[in-house]
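J.: Listed below are the residues making up each chain.
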Amino acid sequence: MADHHSSVTWSHQFEDAGQQHEAASLGMWVFLATEVMFFGGLFCGYTIYRNQYVAGFVAGSHELNAVIGAINTAVLICSSLSMALAVRAAQLGKRISLVSCLIVTILLGLTFIFVKLYLEWWHDYQHGFAPALNFTFAGPNTRSVELFFCFYFLMTGVHALHMIVGVGVLSVLTVKAWKGRYGPDHFNSVEIAGLYWHFIDIIWIFLFPLLYLIGGRY
Amino acid sequence: MSEQVHAESSTRTFLAVWFWLLALTGVEVFLGYKQLELKLMITILLGLSVVKAALIIAYFMHLRYEKPSMAAILMPALVIVIVLMNIFLADSMRLLHMRPH
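One line per chain: the protein sequences are A and B, in this order. Residue 59 in the working numbering is what sits at position 66 of the first sequence, and the numbering runs on without skipping anything. With positions in the second sequence counted from 1, the corresponding number in the working numbering is that position plus 219.
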């Protein structure tokens, strides 16, 4: 482990710190590309069944609370801002500012997860919208509304799982940032965690209109 | 030092991007309550989402300031996803129509 007080250090397989930095970013970007393919499959499945069962998907979408969804979108966008500011603080070597930005990001992430799991999922479960567990929606297109909720729980669930992993990663970073491990020459970890965090935000930006809004709420 | 100047301007850029992301989300929610033709609605909502994603990728994920080769490496993944989606979508329509009634 490199001494963090030394000016610039990099692993021996790299020519210089710049190359190490590029390799780290590229690694995360390639991982995110595989994530695009993973979520792309889910979005593709959603689109296929949505085209087939328009009425059921519209009815299902109407059962979701668009206001809560919009608030959660705003929470996630704010967390992306604080994450971007955290990376900036790490680059400038501002330790307190870095730790505060990371904590704000974590708190906003936890807010999102709490709203998602408690105010939405738990509410949906209590009202009988959980496929295979207690699905009791009465009305036309019951089967296709159930299909909509399968997609809803799967896609938001996988997304929430990414958020939980992200909060875990950021918690580790916060502890290390508090110990002063990051600075103008050592901010790769903060930066690539930031890339991951922004990516989760992007996924939600597509999930929100597709699940909550496209049903039409007039 | 130029780094310091860059830091100042980038914080302002982040705030501007943040503002636009929230504003576009507001527009999306507003449109969600409007009576629009379904195809038009989907096109507008997804178009706005693509703009939001592009803002995040360019500025928060600062792909704009990386070497152009970084973006070039990512392009094939995006192209493959879009091409595969179109193949699957077309095929799914065919299969659904072949289904016995």
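Think of the hints as simulated: they come from the structure by calculation, not from any bench. Please note: incorrect hints may appear among the correct ones.
Said to hold, decoys possible - Residues of chain B placed beyond 10 Å of chain A at every Cβ, according to the derived structure:
{"hint": "1", "residue": "ARG283"}
{"hint": "2", "residue": "PRO287"}
{"hint": "3", "residue": "LEU297"}
Said to hold, decoys possible - Pair ranges (Cβ atoms, derived):
{"hint": "4", "chain 1": "A", "residue 1": "ALA131", "chain 2": "B", "residue 2": "LEU303", "range": "48 to 54 Å"}
{"hint": "5", "chain 1": "B", "residue 1": "ARG283", "chain 2": "A", "residue 2": "GLN45", "range": "18 to 24 Å"}
{"hint": "6", "chain 1": "A", "residue 1": "VAL23", "chain 2": "B", "residue 2": "GLY245", "range": "53 to 59 Å"}
{"hint": "7", "chain 1": "B", "residue 1": "LEU303", "chain 2": "A", "residue 2": "GLY20", "range": "19 to 25 Å"}
{"hint": "8", "chain 1": "A", "residue 1": "HIS116", "chain 2": "B", "residue 2": "GLY245", "range": "20 to 26 Å"}
{"hint": "9", "chain 1": "A", "residue 1": "TYR111", "chain 2": "B", "residue 2": "MET294", "range": "36 to 42 Å"}
{"hint": "10", "chain 1": "B", "residue 1": "ALA235", "chain 2": "A", "residue 2": "GLY38", "range": "33 to 39 Å"}
{"hint": "11", "chain 1": "A", "residue 1": "GLY132", "chain 2": "B", "residue 2": "LEU303", "range": "40 to 46 Å"}
{"hint": "12", "chain 1": "A", "residue 1": "ALA48", "chain 2": "B", "residue 2": "LEU308", "range": "16 to 22 Å"}
{"hint": "13", "chain 1": "A", "residue 1": "PRO133", "chain 2": "B", "residue 2": "LEU234", "range": "32 to 38 Å"}
{"hint": "14", "chain 1": "A", "residue 1": "GLY132", "chain 2": "B", "residue 2": "PHE307", "range": "29 to 35 Å"}
{"hint": "15", "chain 1": "A", "residue 1": "ILE61", "chain 2": "B", "residue 2": "ARG283", "range": "29 to 35 Å"}
Backbone N, C-alpha and C define an ideal beta-carbon position, used for all residues, glycine too.
J.: Now tell me, hint by hint, if it's right for this structure.
T.: Hints, verified against the model:
| no. | hint | result |
| --- | --- | --- |
| 1 | ARG283 | holds (13 Å) |
| 2 | PRO287 | holds (13 Å) |
| 3 | LEU297 | violated (7 Å) |
| 4 | ALA131/A to LEU303/B: 48 to 54 Å | violated (38 Å) |
| 5 | ARG283/B to GLN45/A: 18 to 24 Å | violated (39 Å) |
| 6 | VAL23/A to GLY245/B: 53 to 59 Å | violated (34 Å) |
| 7 | LEU303/B to GLY20/A: 19 to 25 Å | holds (24 Å) |
| 8 | HIS116/A to GLY245/B: 20 to 26 Å | holds (24 Å) |
| 9 | TYR111/A to MET294/B: 36 to 42 Å | holds (40 Å) |
| 10 | ALA235/B to GLY38/A: 33 to 39 Å | holds (36 Å) |
| 11 | GLY132/A to LEU303/B: 40 to 46 Å | violated (35 Å) |
| 12 | ALA48/A to LEU308/B: 16 to 22 Å | holds (20 Å) |
| 13 | PRO133/A to LEU234/B: 32 to 38 Å | violated (47 Å) |
| 14 | GLY132/A to PHE307/B: 29 to 35 Å | holds (30 Å) |
| 15 | ILE61/A to ARG283/B: 29 to 35 Å | holds (33 Å) |
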